[in-house]
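A.B. asks: Chains as they are written, first to last, in this note's numbering: chain A, 1 to 139; chain B, 1 to 139; chain C, 1 to 139; chain D, 1 to 139.
Please keep in mind that the hints were generated in silico from the structure rather than gathered at the bench.
Treat the numbers as computed from the prediction; the structure is a model and nothing was measured.
Possibly wrong hints are sitting among the right ones.
The list cannot tell twin chains apart, which means a pair is met if one copy fits it or any two copies do.
Said to hold, decoys possible - Computed cross-link-like contacts, DSS-like style, restricted to lysine-lysine with a CA-CA straight-line distance of at most 25 Å:
{"id": "1", "residue 1": "Lys-90", "residue 2": "Lys-4"}
{"id": "2", "residue 1": "Lys-45", "residue 2": "Lys-4"}
{"id": "3", "residue 1": "Lys-67", "residue 2": "Lys-45"}
Here is what each chain is made of, one letter per residue.
There are 4 protein chains.
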Amino acid sequence: MGKKTAMDIEVRFGDCDPAGIVFFPRYHRWMDAASLNFFMSCGVKPWHELELVNGIVGTPLLEIHTKFYKTATYGETIEVHTTVEAWMAKTFRHRHVVRRGDTVLCEGTELRAFCQRDAADPERIRAIPVPEDIQALCQ
Amino acid sequence: MGKKTAMDIEVRFGDCDPAGIVFFPRYHRWMDAASLNFFMSCGVKPWHELELVNGIVGTPLLEIHTKFYKTATYGETIEVHTTVEAWMAKTFRHRHVVRRGDTVLCEGTELRAFCQRDAADPERIRAIPVPEDIQALCQ
Amino acid sequence: MGKKTAMDIEVRFGDCDPAGIVFFPRYHRWMDAASLNFFMSCGVKPWHELELVNGIVGTPLLEIHTKFYKTATYGETIEVHTTVEAWMAKTFRHRHVVRRGDTVLCEGTELRAFCQRDAADPERIRAIPVPEDIQALCQ
Amino acid sequence: MGKKTAMDIEVRFGDCDPAGIVFFPRYHRWMDAASLNFFMSCGVKPWHELELVNGIVGTPLLEIHTKFYKTATYGETIEVHTTVEAWMAKTFRHRHVVRRGDTVLCEGTELRAFCQRDAADPERIRAIPVPEDIQALCQ
Numbered sequence: 001m002g003k004k005t006a007m008d009i010e011v012r013f014g015d016c017d018p019a020g021i022v023f024f025p026r027y028h029r030w031m032d033a034a035s036l037n038f039f040m041s042c043g044v045k046p047w048h049e050l051e052l053v054n055g056i057v058g059t060p061l062l063e064i065h066t067k068f069y070k071t072a073t074y075g076e077t078i079e080v081h082t083t084v085e086a087w088m089a090k091t092f093r094h095r096h097v098v099r100r101g102d103t104v105l106c107e108g109t110e111l112r113a114f115c116q117r118d119a120a121d122p123e124r125i126r127a128i129p130v131p132e133d134i135q136a137l138c139q
Numbered sequence: 001m002g003k004k005t006a007m008d009i010e011v012r013f014g015d016c017d018p019a020g021i022v023f024f025p026r027y028h029r030w031m032d033a034a035s036l037n038f039f040m041s042c043g044v045k046p047w048h049e050l051e052l053v054n055g056i057v058g059t060p061l062l063e064i065h066t067k068f069y070k071t072a073t074y075g076e077t078i079e080v081h082t083t084v085e086a087w088m089a090k091t092f093r094h095r096h097v098v099r100r101g102d103t104v105l106c107e108g109t110e111l112r113a114f115c116q117r118d119a120a121d122p123e124r125i126r127a128i129p130v131p132e133d134i135q136a137l138c139q
Numbered sequence: 001m002g003k004k005t006a007m008d009i010e011v012r013f014g015d016c017d018p019a020g021i022v023f024f025p026r027y028h029r030w031m032d033a034a035s036l037n038f039f040m041s042c043g044v045k046p047w048h049e050l051e052l053v054n055g056i057v058g059t060p061l062l063e064i065h066t067k068f069y070k071t072a073t074y075g076e077t078i079e080v081h082t083t084v085e086a087w088m089a090k091t092f093r094h095r096h097v098v099r100r101g102d103t104v105l106c107e108g109t110e111l112r113a114f115c116q117r118d119a120a121d122p123e124r125i126r127a128i129p130v131p132e133d134i135q136a137l138c139q
Numbered sequence: 001m002g003k004k005t006a007m008d009i010e011v012r013f014g015d016c017d018p019a020g021i022v023f024f025p026r027y028h029r030w031m032d033a034a035s036l037n038f039f040m041s042c043g044v045k046p047w048h049e050l051e052l053v054n055g056i057v058g059t060p061l062l063e064i065h066t067k068f069y070k071t072a073t074y075g076e077t078i079e080v081h082t083t084v085e086a087w088m089a090k091t092f093r094h095r096h097v098v099r100r101g102d103t104v105l106c107e108g109t110e111l112r113a114f115c116q117r118d119a120a121d122p123e124r125i126r127a128i129p130v131p132e133d134i135q136a137l138c139q
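Only chain A is shown next, with the shape it has when bound in the complex (with noise of 0.2 Å):
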């Protein structure tokens, strides 16, 4: 089946626009948190640690589809709830449905990778396989 987490967030006046609703890009930083909130759930190390080890930097993102449902505002507890849907060889594909209680927000598809740093051009990072560690302890 695979883990799902589920990360509360605080709504803040500062992630709300002149509208006064949350300015879409901050869903999408919920979910890259909720990402993260996911892999440390799940027992791996935040990225600045693996790095040390074996020099995966992070999971950048190759491609998000979101929905949009429903507004929020400041004052307001929503929820983040994130599953991986699938695995291929090279990347992974997360959801992630946000909830105010029972009303869904928005919802979120996102297409990641895991990355290295370059070892022959340090500020470059590559795409590798998925580690097969990182995945056993996902499941």
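Chain A is already provided as a structure; the job is to place chains B, C and D on it using the hints.
C.D. replies: Positioned in the frame of chain A, the structure of chains B, C and D alone reads:
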């Protein structure tokens, strides 16, 4: 054909993450800015002026789909090229192509709707048909 | 003495810069959130509810002074400890101490004023005397 | 006398809060960008290039003090005027004045230090004396 706009972005240190590359939600902030820049380039007033005239508070996002191909870092100048691909009854679809010179960094498609503050409940906003005068300015 | 509040912050990947440490404006976002959290903990409503009652749209900042002692990174939990140090006629002074366990990361002092939307020109906001009922709730 | 730089900022919808004005931490992001812009205008390379040469990862902030006088909103163009007020042994002091035309919006003073990644523990950074070649470029 429809108008096309290009907006320059100077990538800043604070736009980048610990992997040293632009943190992806920043691209969505830039696409959002490019959307308003598109309308203002077509002669539409910024929302805070428009709200006083016709109650429009902005064009909240209904859906976004972005593919990321190449990374960027601070000290670089990139461009967001923006069009309206389609005008529907109550929505419109933006296309944003983000480039560094000839290199396409990412491409995003946004579905948006013009919204007004609800007269009965000023804390709520609701979608309205695309205003004809605004659509005319953009073609 | 005055109330004291503490707000937990989970530091996220996207809060950190290419040096791998929290990008300093994030601390000011957290202090801003800690300020509203302080008032809400004292029983004051969030501004979007208060605006409907008495026109208060928030407590814009007049001055901030922050000293940074230690860095933090993602995967860590930190706390913002908040008080009101002084209530003046039209302003008040917050003190925020940000800690990771016993380690003080930074300390900030904020001068703020309660503001209302200007009745004659709703695009402008202006400072008002500190509302007595709000001050009473916070002591 | 020392160099002076001016950096234009187009204020965006997403820079503004529910009161419709620029959310104050954005000014600090812009001051941070104006600091790097100052050094790059003086001929200093961006940190990610400098790190490969001399290990410098940036100029983390030690202290900031900002006074806010006037508000700004989206659709406006503002400027950040930046100087180095003083060079000390291990630190330097920036002054940023943010203006919209002749109107001063806010003024900030930053104390910063050049930092390198610690050789023994690459997760830590430490302050170094201000590099003479960099100081020479800025005068």
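A.B. asks: Against this structure, judge whether each hint is valid.
C.D. replies: Here is how each hint holds up against the structure:
{"no.": "1", "hint": "Lys-90 with Lys-4", "in the structure": "within (21 Å within a copy, 36 Å between copies)"}
{"no.": "2", "hint": "Lys-45 with Lys-4", "in the structure": "within (17 Å within a copy, 34 Å between copies)"}
{"no.": "3", "hint": "Lys-67 with Lys-45", "in the structure": "neither (30 Å within a copy, 27 Å between copies)"}
In the structure shown, a violation is registered for the earlier hint numbered 3 alone.
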